[in-house]
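Undergrad: Here the protein sequences line up with chains U and P, keeping their order.
Numbered according to the numbering used here, the first sequence terminates at residue 543, and the numbering increases by one at each position without gaps.
Numbered according to the numbering used here, the second sequence terminates at residue 543, and the numbering increases by one at each position without gaps.
Because the hints were derived from the structure by calculation, they are not lab data.
There's no promise every hint is true.
Using C-beta positions, here's what the derived DEER-type ranges look like [unchecked claim]:
(1) P:Asn297 <-> U:Asp325: 29 to 37 Å
(2) U:Leu139 <-> P:Gln9: 20 to 28 Å
(3) P:Leu381 <-> U:Gly323: 41 to 49 Å
(4) P:Gln294 <-> U:Asp325: 55 to 63 Å
(5) U:Ala182 <-> P:Gln294: 26 to 34 Å
(6) U:Pro492 <-> P:Asn222: 18 to 26 Å
(7) P:His272 <-> U:Ala466: 47 to 55 Å
(8) P:Pro465 <-> U:Glu322: 17 to 25 Å
Idealized CB from N, CA, C, for every residue including glycine.
2 protein chains.
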Amino acid sequence: MTRNIYEQHLDRNDANYLPLTPLTYLRRSAQVYPDRIAQIHGDRRITWAETYERCRRFASALQKQGIGLGDTVAVMAPNVPALFEAHFAVLMVGGVLNALNTRLDAAALTFILNHGEAKVLITDRELNDVMKDAVADLGRDIFVVDIDDPEYTGDNDHLGTVEYEDFIAAGDPGYEWSYPADEWQACCLNYTSGTTGNPKGVVYSHRGAYLISTGNALAWNIPSHPVYLWTLPMFHCNGWGFPWTVAMVAGTSVCLRRVDAGNIFRAIAEHKVNHFCGAPIVLGMLINATAEQRRNFDHPVKVMTAGAPPPAAVLLKMEREGFDVTHVYGLTECYGPAVVCAPQDGWSLLADEVRAETKSRQGVPYHMLEDLMVADAGTLEPVPRDGETMGEVFMRGNLIMKGYLKNPDATDAAFAGGWFHTGDLGVWHPDGYIQLKDRSKDVIISGGENISSIEVEGVLYKHPAVITAAVVAKPDEKWGETPCAFVELKPGVEVTADEIIAFCRERLAKFKCPRYVVFGDIPKTSTGKIQKFKLRDMLPED
Amino acid sequence: MTRNIYEQHLDRNDANYLPLTPLTYLRRSAQVYPDRIAQIHGDRRITWAETYERCRRFASALQKQGIGLGDTVAVMAPNVPALFEAHFAVLMVGGVLNALNTRLDAAALTFILNHGEAKVLITDRELNDVMKDAVADLGRDIFVVDIDDPEYTGDNDHLGTVEYEDFIAAGDPGYEWSYPADEWQACCLNYTSGTTGNPKGVVYSHRGAYLISTGNALAWNIPSHPVYLWTLPMFHCNGWGFPWTVAMVAGTSVCLRRVDAGNIFRAIAEHKVNHFCGAPIVLGMLINATAEQRRNFDHPVKVMTAGAPPPAAVLLKMEREGFDVTHVYGLTECYGPAVVCAPQDGWSLLADEVRAETKSRQGVPYHMLEDLMVADAGTLEPVPRDGETMGEVFMRGNLIMKGYLKNPDATDAAFAGGWFHTGDLGVWHPDGYIQLKDRSKDVIISGGENISSIEVEGVLYKHPAVITAAVVAKPDEKWGETPCAFVELKPGVEVTADEIIAFCRERLAKFKCPRYVVFGDIPKTSTGKIQKFKLRDMLPED
């Protein structure tokens, strides 16, 4: 077959084709806005020019340590400059950043460090108790860099022989980084929380990191120079891509070692923070903050939330507090958020409760996610857009991971049929918005009827005494399964199980109402996700 | 060499890698905002769902006509829905859109249609006089679709046998378009104005069209749902990519058959237009508008201008009229704008004149243009960032064309050394902003000294009587060349050549001042670019 006229001498070359990489965002902001503040951490202010120089030194230091193409660099840290900078420096040498979940135990960390074959570990002194054990069990040597953050005042020992600032100071500030040879090259490794079995290592590409950045800007209408607060851990899907997004729009990244309502309000008031992300648990912190924790602010603050479908009641309360909440949905496998509940003009006219319910749906694809559907898990046939028929959520496009590291079977299963299988169950509304009903493993099947734990939780959150609620299946001789509610109450409030159940009966079909209610603390991950697998171990006896 | 762990079983597949194409923006807006107005044209309102359906019908009709991969579809039209829709429909079948410059003569059009091998011509009835001659000289058959726009009330004949609305009505509204097999696939063909010799056909890719869209949104801080007015011809670098940008952000595209101050002010007042683009000539129209042409408006209106460095005086007047002007720079070869004079915080504090001068610089790379430099044309060695040393402007990155169609020599020359050679001359300021001093062929060399025609024009524009000014080299026995000024005056104002020269002497080194001043109309292209090659034929005798 002859080539058409457009296929002759119009090839890619060095002038017209460069691999997409978020590194160009950092370089551009350093060149165009050298003196703008890139990072705020305690009393420190680091400009974009300085950040770029620090990243180049960091990259150079890694290279001297032998780190190059395809080598993994693990970082165990809260949201501090070293972790932010690792999102660029590791990529500059062709390496892969593995940001570790700071809440993991030593055994899980040992597994991850060995599975990911990390050659360098950069670890914050506060976390050295657990890291010490994890490193001791590696069965091999690993080069350790300690982060000795002045904002941390505890007294743990160092684990390695060099401190982060000294490590990068020895690097070359003029280090010339290279583009990846191919934009499909790996840049990050993030382990799923792995509720069953070993965690899986999700691998991101430079192309995907580049595109999640523009996706975030478009989905959230981020203008130039936002002030972004790090309430979301950077180890969680690389902070949903926000280190790169903030670099792209030359914003200011406000670090935060400890996420609590007082710190958040203080940052909003002092640094004029106007954007932050967080699981609904963070929203809950804010609406339940004490008078001492609160600060007045009069500028608009936008909040992006995900991680669990936020209860309508929480969304509504946030709105009343003056926060503009955008609800997004995603998984580690899709760079964090890849679906957004994009607001529609008419929504402002809806009654409060209806609007909050509407905004708690997961929504529509990001601009950079090519396809999203709710479909039959077996046939991949899309379900009707009737808001009722349940199916599995499938995605396809440039915001989907490369695959699971060293796990071809899991990778193939995740991509079977040319779609990424999320494992989430939901419905498709007539307006094209999807709404999650449950993780497939969290559905409660009672008397043959499916019960969405999310639906029941939504009702529980409406109860004025409830701060957090989770519903799981309790094995039942008669019904197969029956819903059991776990509930955290506001301090000082008393309410009985019967009152909770009666509250549900007024709002739900009887078979969906919890038969059991357990009061007390609910176990959560560091990102505020409720750990239902732990609740299943805490089920009451009959 | 063994592959590293990230190169094993982590390949591209149908679920995680899709070619970047602006077609996904159209589909998304149609699905997420089906009832929002996509196009306004006269009394017509066309929603995004309708636009998508019309494009699918259009694509299907093209396919029935035999149009497929690598086939060229030419469109000769002002800014009407058919041309907007062609930016999607032609791409859906794998074709290449060639939007024709409506000001060209028949001979140039015949050349372009044959060089681009257009198989279908879609032509607006208003332009059929010239198209008739162009088609008659083709020496081959071409399938012609007439656009019979109700907004055009003249009485030209049809050229073909089918009208656009009938043509697309016969297409399938459910037509399933395909992604390009490769995002590098050609999608558009734009001919340069070709001041010497035959015009060159600049070829764009789906990838580039996708990226110029996000580039425009980031450079201009475009939020969701702008109302965009088509003052810039869509045949000019595909309207700088704005058909795709507007689709991406689900904006409203306000068509405009005829660009004049009255129509622009009316659209701003009636449709709440808040974004438009145009050459400085359009800005000139607005600041010189009559009281009858003006309309009051109280919403912010952003204007993107390029095509020639806007005189500081024009920028300043626009600002005083309440327009927020962003200055961009580019060429057909870089999808239109690829460089932006990104505003800095401190600029609002500058004195008016200084700020206007500052904003008239060309600026810094778009987020999606990887590299920009001013360098020695021979060695490609960057010039010092001193704001004084002249060099040629070079660009590199994903906003650079695939190349020139059927012109390997010109393509190779344009990309020599791995950079795109713009042919523009300029300086690099210490803050990284570039400023054009001239096209290399427009520099005047007088007594061995380089004179920037742009610098002299900038002074002429400050004269209160001057509407348009252009300076070209006049051959001179003594000096080699000497500057000759062409000047258009405001209606009813009288001024002598001596007064103009004296005005320049007060503001410029004597050797830079025009020795000759010619009053009268200055020939311009349809996009408002001054045609200096014509002025060179109009030089006065000594």
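Undergrad: Broken hints, numbered, in rising order?
TA: Checked against the structure, the hints that fail are numbers 3, 4, 5, 6 and 8, while the rest are satisfied.
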